[in-house]
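Chains A and S supply the protein sequences, listed in that same order.
Quick note, the working numbering runs 1167 ahead of the 1-based positions in the first sequence.
Quick note, the working numbering runs 1167 ahead of the 1-based positions in the second sequence.
Just so you know, these hints were derived from the structure itself, not from any lab.
Wrong hints could be hidden among the right ones.
Identical chains share a label here; the pair holds if one copy fits it or two copies do between them.
The calculated lysine to any residue pairs, modelled on SDA-like cross-linking and capped at a C-alpha distance of 25 Å, are [claimed, not checked]: (1) 1356 with 1372; (2) 1392 with 1338; (3) 1356 with 1252; (4) 1392 with 1372; (5) 1392 with 1337; (6) 1243 with 1263; (7) 1297 with 1459; (8) 1356 with 1370; (9) 1356 with 1447; (10) 1392 with 1370; (11) 1187 with 1451; (12) 1356 with 1255; (13) 1356 with 1461; (14) 1297 with 1168; (15) 1229 with 1423; (16) 1392 with 1343; (17) 1392 with 1352.
Number of protein chains: 2
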Amino acid sequence: MSLIVTGTVAFDTVETPYDKRERCLGGSATHFAAAASALTDVGLVAVVGNDFPDTDLESLRKLGIDCTGVEVADGKTFFWAGRYEADWNTRHTLDTQLNVFEHFDPKVPTSYQNSDFVFLANAAPELQMKALGQFNNPKLVVADTMNLWIDIARDSLCELLTKIDGLVLNDEEARMLTGENNLLQAARKVLELGPRLVILKKGEHGAFLIGEGLHFSLPAYPVEKVIDPTGAGDSFAGGFMGYLASVGNTDPQTMRRAMLYGTATASFCVEGFSIEGLQTRRRSEVEARFNELYSFITI
Amino acid sequence: MSLIVTGTVAFDTVETPYDKRERCLGGSATHFAAAASALTDVGLVAVVGNDFPDTDLESLRKLGIDCTGVEVADGKTFFWAGRYEADWNTRHTLDTQLNVFEHFDPKVPTSYQNSDFVFLANAAPELQMKALGQFNNPKLVVADTMNLWIDIARDSLCELLTKIDGLVLNDEEARMLTGENNLLQAARKVLELGPRLVILKKGEHGAFLIGEGLHFSLPAYPVEKVIDPTGAGDSFAGGFMGYLASVGNTDPQTMRRAMLYGTATASFCVEGFSIEGLQTRRRSEVEARFNELYSFITI
Chain A
1168 MSLIVTGTVA FDTVETPYDK RERCLGGSAT HFAAAASALT DVGLVAVVGN
1218 DFPDTDLESL RKLGIDCTGV EVADGKTFFW AGRYEADWNT RHTLDTQLNV
1268 FEHFDPKVPT SYQNSDFVFL ANAAPELQMK ALGQFNNPKL VVADTMNLWI
1318 DIARDSLCEL LTKIDGLVLN DEEARMLTGE NNLLQAARKV LELGPRLVIL
1368 KKGEHGAFLI GEGLHFSLPA YPVEKVIDPT GAGDSFAGGF MGYLASVGNT
1418 DPQTMRRAML YGTATASFCV EGFSIEGLQT RRRSEVEARF NELYSFITI
Chain S
1168 MSLIVTGTVA FDTVETPYDK RERCLGGSAT HFAAAASALT DVGLVAVVGN
1218 DFPDTDLESL RKLGIDCTGV EVADGKTFFW AGRYEADWNT RHTLDTQLNV
1268 FEHFDPKVPT SYQNSDFVFL ANAAPELQMK ALGQFNNPKL VVADTMNLWI
1318 DIARDSLCEL LTKIDGLVLN DEEARMLTGE NNLLQAARKV LELGPRLVIL
1368 KKGEHGAFLI GEGLHFSLPA YPVEKVIDPT GAGDSFAGGF MGYLASVGNT
1418 DPQTMRRAML YGTATASFCV EGFSIEGLQT RRRSEVEARF NELYSFITI
């Protein structure tokens, strides 16, 4: 398996200014894997409850996602509910029920342990480290995090940052983690905490990647009609890592290209609820959007 | 003269979270001309009061700006006062005194009338049309506007839009003018109103340019330390038009490159109060920042 993701598989109830979906398939690892699956083989380490329907698991498998690492535990699947304002930038979390995820003890299947590319989707840093410790010398480990862990688990997060290659975070998280308002300075301060790569996501305003001798900035793909932004960040990471894993290297030019793949898969994600925008996408469609985006940024 | 700008020359009192300047040289045409002057010959059509010091006029002339079109009227120079919040995105206008600008009747000197490139900086659309009518068949006319005119002079603004080649506006103005929240859709609706080019500025999030068969999106230059954002939009336009005028054509590739020049001069602008960030910049420095920005966006 070339790429593994650990994180949540969940049910999401999402309200947008235009529509609502109840208990649709969601979760950070779900979005990541769905996005990456268009570009590479991807394996999932997650836990679901015994309320999780086989049809949902089947729809992940149909995308080519290896679900060997999906544990079914006694109890209910992680549940999240949220509502978006009309500007899409303001999101209110209405409910979070950890359920079986609360006591999740990630077990990385033997068949995953030699994977070169690992993504630790948002979870408690302790849990991310537990998963990471089960891999044999991966080539590139990237993690995501959130404001909650910066707030209540800063020490563990800082420890994690010394063990990974890259951190993906949004503007608000970068400011919170570093106390620095200027995003470039904030990203540089994150580099000082350990990782050699930082991807700073700015939602509809794009993202930038910095590292030693590397600075790449990219606007978002201009989506004509946003349906649901849930999972955009994880889909970005899925396209980014999926492309790197498919090429098998992490040189600067490949990483710059990977930023476009991430942006392309994130744009598909927001065009539907749940993983609907990603589900029907194959590599050729991702390539087409890559080319379109490339034409928008090339002089 | 290759490039002419009509607009305000003003005194600005600016408060930032870190500093304050009283009655420093400002105005839309001032920032535009200062930015463009690094790249091309630029002439100014504006009015100042008899309180305007010769030293300020001299500092514009020192930049190579032709001030033949600067009229000195009896009364006080346009005055604006504003305050920025710590996020730099929120600006409070504290005072606006039109003074001599209230009855400004723009007179384009004969030596300017055959210019190929004309920028109508923000002013009442009627006034912009009055200035425009005095040019002999310019190659490219670009205008700026603001929420006030969209609100109180929409008909005149719509008339202006049928007479110009390009409109520069920010996200908020685009939404207000078109009633469209999605910025790409908004920009397309502006195209339907007449201009063949729309530049949509998103402040620290960059800008995009669209037109027939043309779509170019660019992040902002990552300024390490913002001193004063006043005039950034006009400096962007100055760099954009200054480059086009210096090259003398408006083909799509030249316009894409011009977006980088605009971004470079805007980044210099925000690094100082008034035109301090622009004043010492010559073409070689703008080229250096162009190259740096180019390296940030190239895969």
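Now for the hints, and whether the structure bears them out:
For the homomeric pair residue 1356 and residue 1372, the shortest alpha-carbon distances inside one copy (21 Å) and between copies (21 Å) are both at most 25 Å. Taking the closest pair of Cα atoms, residue 1392 and residue 1338 come within 25 Å of each other both inside a single copy (23 Å) and across two copies (17 Å). In this homomeric assembly, residue 1356 and residue 1252 come within 25 Å of each other (Cα to Cα) only across copies, at 23 Å, whereas the closest approach inside a single copy is 31 Å. Taking the shortest alpha-carbon separations for residue 1392 and residue 1372, both the intra-copy value of 16 Å and the inter-copy value of 20 Å come in at or below 25 Å.
When the C-alpha separation of residue 1392 and residue 1337 is checked against a cutoff of 25 Å, the pair qualifies both within a copy, at 22 Å, and between copies, at 20 Å. Proximity of residue 1243 and residue 1263 under a CA criterion of 25 Å is satisfied intra-copy only: 12 Å inside one chain copy versus 61 Å between copies. In this homomeric assembly, residue 1297 and residue 1459 never come within 25 Å of each other (Cα to Cα): the closest approach is 40 Å inside a single copy and 41 Å across copies. In the homo-oligomer, the alpha carbons of residue 1356 and residue 1370 lie at most 25 Å apart both inside one protomer (21 Å) and across protomers (24 Å), since each shortest distance falls under that limit.
In this homomeric assembly, residue 1356 and residue 1447 never come within 25 Å of each other (Cα to Cα): the closest approach is 39 Å inside a single copy and 31 Å across copies. For a Cα distance limit of 25 Å, the shortest separation of residue 1392 from residue 1370 qualifies both inside one copy, at 15 Å, and across copies, at 23 Å. Taking CA atoms no more than 25 Å apart as the test, residue 1187 paired with residue 1451 passes in neither setting, with 30 Å inside one copy and 54 Å between copies. Taking the shortest alpha-carbon separations for residue 1356 and residue 1255, only the inter-copy value of 21 Å comes in at or below 25 Å, while the best intra-copy value is 28 Å.
In the homo-oligomer, the alpha carbons of residue 1356 and residue 1461 lie at most 25 Å apart only across protomers (24 Å), although the nearest pairing inside one protomer, at 30 Å, exceeds that limit. Taking the shortest Cα distances, residue 1297 and residue 1168 sit within 25 Å of each other inside one copy (19 Å), while across copies they are farther apart (68 Å). Taking the shortest Cα distances, residue 1229 and residue 1423 never come within 25 Å of each other, neither inside one copy (29 Å) nor across copies (42 Å). Taking CA atoms no more than 25 Å apart as the test, residue 1392 paired with residue 1343 passes between copies only; the shortest distance there is 19 Å, against 31 Å inside one copy.
Within a single copy, residue 1392 and residue 1352 get their C-alpha atoms only as close as 33 Å, which misses the 25 Å cut-off; across copies the closest is 9 Å, which meets it.
Checked against the numbered hints listed earlier, the structure breaks hints 7, 9, 11 and 15; every other hint is satisfied.
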